[in-house]
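Chemist: Sequence:
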Amino acid sequence: MSDDYTELSVNDTVNLYEAPVLHTVDVACAVLTYWFSSAKETSTDPTLLAHTFDLSSAYRQVGLNEQRREVSYIRVYNPEKGCMMVFQALVLPFGAKKSVHSFLRLARAIW
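The sequence shown runs 0 to 110 under numbering that gives the first Met the number 0.
It is worth saying that the hints were derived from the structure and are not from the lab. As the structure is a computational prediction, the values presented were derived from the model and not from experiment. Just so you know, not all the hints are guaranteed correct.
[Stated by the list, open to error] Straight-line C-alpha distance at most 20 Å; calculated SDA-like pairs for lysine to any residue:
(1) Lys97 <-> Leu15
(2) Lys97 <-> Thr51
(3) Lys97 <-> Val26
(4) Lys96 <-> Ala38
(5) Lys96 <-> Glu40
(6) Lys97 <-> Ser55
[Said to hold, decoys possible] Quick list of the computed label-pair ranges, beta carbon to beta carbon:
(7) Asn14 <-> Thr43: 25 to 33 Å
(8) Asp25 <-> Leu47: 50 to 58 Å
(9) Leu48 <-> Leu21: 17 to 25 Å
(10) Asn14 <-> Met83: 26 to 34 Å
Beta carbons: idealized from backbone N, C-alpha and C, even for Gly.
Build out the structure end to end from the sequences listed, making use of the hints.
Modeler: Written out as structure tokens, the structure is:
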């Protein structure tokens, strides 16, 4: 089963009219500058531990609301059963343009 929307031409049916705003290196540098200056002013330990995250499955962590689930079905060929089957998406589908857009907006809101 493939639920990768980049392979199923679903993206050809989607239009986006706004681009999500992404943080740049300047924002990361400003945050670090603020962190270190705040630590100096308050005499706290400025030690900073940083992590990176692999977000390849991040969309699968964001659930669809009930209204979106009603229209979020995908039909794929099941080679084990030799027929087409329908599956309902409960989370943002991988590879869909709107998934990328929605995830970036959510990340920005959390920021």
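Chemist: Against each hint, give a clear statement of whether it holds in the structure.
Modeler: Status of the hints after comparison with the structure:
{"no.": "1", "hint": "Lys97 <-> Leu15", "in the structure": "holds (8 Å)"}
{"no.": "2", "hint": "Lys97 <-> Thr51", "in the structure": "violated (24 Å)"}
{"no.": "3", "hint": "Lys97 <-> Val26", "in the structure": "violated (25 Å)"}
{"no.": "4", "hint": "Lys96 <-> Ala38", "in the structure": "violated (40 Å)"}
{"no.": "5", "hint": "Lys96 <-> Glu40", "in the structure": "violated (44 Å)"}
{"no.": "6", "hint": "Lys97 <-> Ser55", "in the structure": "holds (16 Å)"}
{"no.": "7", "hint": "Asn14 <-> Thr43: 25 to 33 Å", "in the structure": "violated (49 Å)"}
{"no.": "8", "hint": "Asp25 <-> Leu47: 50 to 58 Å", "in the structure": "violated (18 Å)"}
{"no.": "9", "hint": "Leu48 <-> Leu21: 17 to 25 Å", "in the structure": "holds (24 Å)"}
{"no.": "10", "hint": "Asn14 <-> Met83: 26 to 34 Å", "in the structure": "holds (27 Å)"}
Comparing the model with each earlier hint shows violations of hints 2, 3, 4, 5, 7, 8; every other hint is respected.
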